Amino acid sequence: MQAADGGNTIESVTIRTPNQVRVTFRGPFDPAGATTANFRFAEAAAPDAPMALEGVKAEGRVVTLTATQALHATERYKLEVVDPPISRDVFPTAWATLVTLFLSSALINNFVFTRYLGLCIFFGVSKKRDAAVGMGVTFTAVMIFTAMTSWAVDTFALQPLHLGFLQVLVFIGTVAAVVQFLDTMLRKTHPALHKSFGVYLMLITTNCIILAVPLLNAQGKVSAIEALVLALGSGLGFALALFLMSCAREKMELARVPKAFEGLPIAFALAGLFALAFMGFSGLDFFR
Amino acid sequence: MSETTERPPGALQLLFNGIVSENPVFRLALSLCPAVAVTTTVANGFILGVAVLAVQVLSSLTVAIARGVIHPRVRIPVYTIIIAVWVSAIDMTLAAFTPSLYAQVGLYIKLIVAFAIIISRLEVFASRQPLVPSFWDAVGMGLGFMIALMVIGALREVLGSGSFFGIVLFKTKPLLFFALPAGGFFSIALLMAFFNALERKLTGGTAKPAAGGHHG
Numbered sequence: 280m281q282a283a284d285g286g287n288t289i290e291s292v293t294i295r296t297p298n299q300v301r302v303t304f305r306g307p308f309d310p311a312g313a314t315t316a317n318f319r320f321a322e323a324a325a326p327d328a329p330m331a332l333e334g335v336k337a338e339g340r341v342v343t344l345t346a347t348q349a350l351h352a353t354e355r356y357k358l359e360v361v362d363p364p365i366s367r368d369v370f371p372t373a374w375a376t377l378v379t380l381f382l383s384s385a386l387i388n389n390f391v392f393t394r395y396l397g398l399c400i401f402f403g404v405s406k407k408r409d410a411a412v413g414m415g416v417t418f419t420a421v422m423i424f425t426a427m428t429s430w431a432v433d434t435f436a437l438q439p440l441h442l443g444f445l446q447v448l449v450f451i452g453t454v455a456a457v458v459q460f461l462d463t464m465l466r467k468t469h470p471a472l473h474k475s476f477g478v479y480l481m482l483i484t485t486n487c488i489i490l491a492v493p494l495l496n497a498q499g500k501v502s503a504i505e506a507l508v509l510a511l512g513s514g515l516g517f518a519l520a521l522f523l524m525s526c527a528r529e530k531m532e533l534a535r536v537p538k539a540f541e542g543l544p545i546a547f548a549l550a551g552l553f554a555l556a557f558m559g560f561s562g563l564d565f566f567r
Numbered sequence: 324m325s326e327t328t329e330r331p332p333g334a335l336q337l338l339f340n341g342i343v344s345e346n347p348v349f350r351l352a353l354s355l356c357p358a359v360a361v362t363t364t365v366a367n368g369f370i371l372g373v374a375v376l377a378v379q380v381l382s383s384l385t386v387a388i389a390r391g392v393i394h395p396r397v398r399i400p401v402y403t404i405i406i407a408v409w410v411s412a413i414d415m416t417l418a419a420f421t422p423s424l425y426a427q428v429g430l431y432i433k434l435i436v437a438f439a440i441i442i443s444r445l446e447v448f449a450s451r452q453p454l455v456p457s458f459w460d461a462v463g464m465g466l467g468f469m470i471a472l473m474v475i476g477a478l479r480e481v482l483g484s485g486s487f488f489g490i491v492l493f494k495t496k497p498l499l500f501f502a503l504p505a506g507g508f509f510s511i512a513l514l515m516a517f518f519n520a521l522e523r524k525l526t527g528g529t530a531k532p533a534a535g536g537h538h539g
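Chains as they are written, first to last, in this note's numbering: chain A, 280 to 567; chain B, 324 to 539.
Source of the hints: derived by calculation from the structure; they are not laboratory data.
Each computed DSS-like pair below joins lysine-lysine, with the alpha-carbon atoms no more than 30 Å apart:
| # | chain 1 | residue 1 | chain 2 | residue 2 |
| --- | --- | --- | --- | --- |
| 1 | A | K538 | B | K524 |
| 2 | A | K406 | B | K524 |
| 3 | A | K538 | A | K406 |
| 4 | A | K530 | A | K406 |
Since the model is a prediction, treat every value here as computed from it, not as a measurement.
Using the sequences provided together with the hints, build the complete structure.
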């Protein structure tokens, strides 16, 4: 935003799906400037290739640009105005980013059904619904703790000291320490809770999802709040998968399964069907 | 944690044990995540198999050598650290020498550190047996895992992309389904059922259904 002398400045820019941009100026906008040549709107990744604008409409302080292609509330854009001369980056709202991150980690990139992680626990604990719910809850809670601790260790220790190659070693140590800490805390402060969830806690220590979340966070160099949302989404996605699977497996006890398929093989086939269903979530865009 | 007094089994028996009768994927049902995740092609299965084989052998040897020094009370953390060290080493080696394959399976190679199969072999075998049997046990288990991954990979690559190790076999439209996530689950279900049926045939239907234990 450059406030030219006596010139007009932009108050806010919002993306209105599917293909409109709403620009609000601080002062009244001269309708004569409402031409497609007066505005340049481009993706932040490719600022030199502005997209074609279909129309520009000025109403008092509000100018509405209509693009010929679809716009996304979660993308970054760059807006330039020739007269008055203004250049401005359009960031997605934090809310849109976080909701997208949450949905994508819980549903679109569900750890069990599209990334195939945590399968051992997934098949081991999904026989009974109670156990599945208990595991899901414990898992989500531990995931948040370990993800935040590992994020802090990565951001404040490993990255400044260029110790990236120690990631695996440090993260598994962090995870083990956090789980041990939670176990001790829970046993002393909430013995009843520990009695029902303690057994899952120990199973969690060497689980691949619990290690995958810190690794993915470190790979994506996310911020603290994004790490939190990613952990929450992943944990809830895993809990959802466990719950669905346990319901289906309880029903399956009544079914007559071919002898060779008894036990794990039929559970794998069932997981395959769920994975097919979860493919329906790919390409899901909440803000379209 | 006491030393076993019986004579350790021979090399051939240990190899057979790891590859066939206690195959980590099909028989013990351990470390299934990568078995579904990276087996879209034979090459991917192969590289992860090599990584697991290397980590298994190296950490088994380390534990077999150091077993007199490791205090039983702290053995699990020590095993974890030993595995993590070797995983980091293998991870960097593969990243340096096979960057294109590594790009596809990198995350899963880091996750070898959480594989139940490796730590269970350290706990069950390498911590109680001398160096040589531990080596053969690790080689057997590692090869068993690698072969299992390559069998699944072969099934999925032939059916899902119509090729084998990247060589095009037939040009008709392949069954994309087997290359998709869901296809991985179904391929393993089919293969496990096949091995169960095979065992029932061979043992006359007396064997208990396999693939019972699932941990970590």
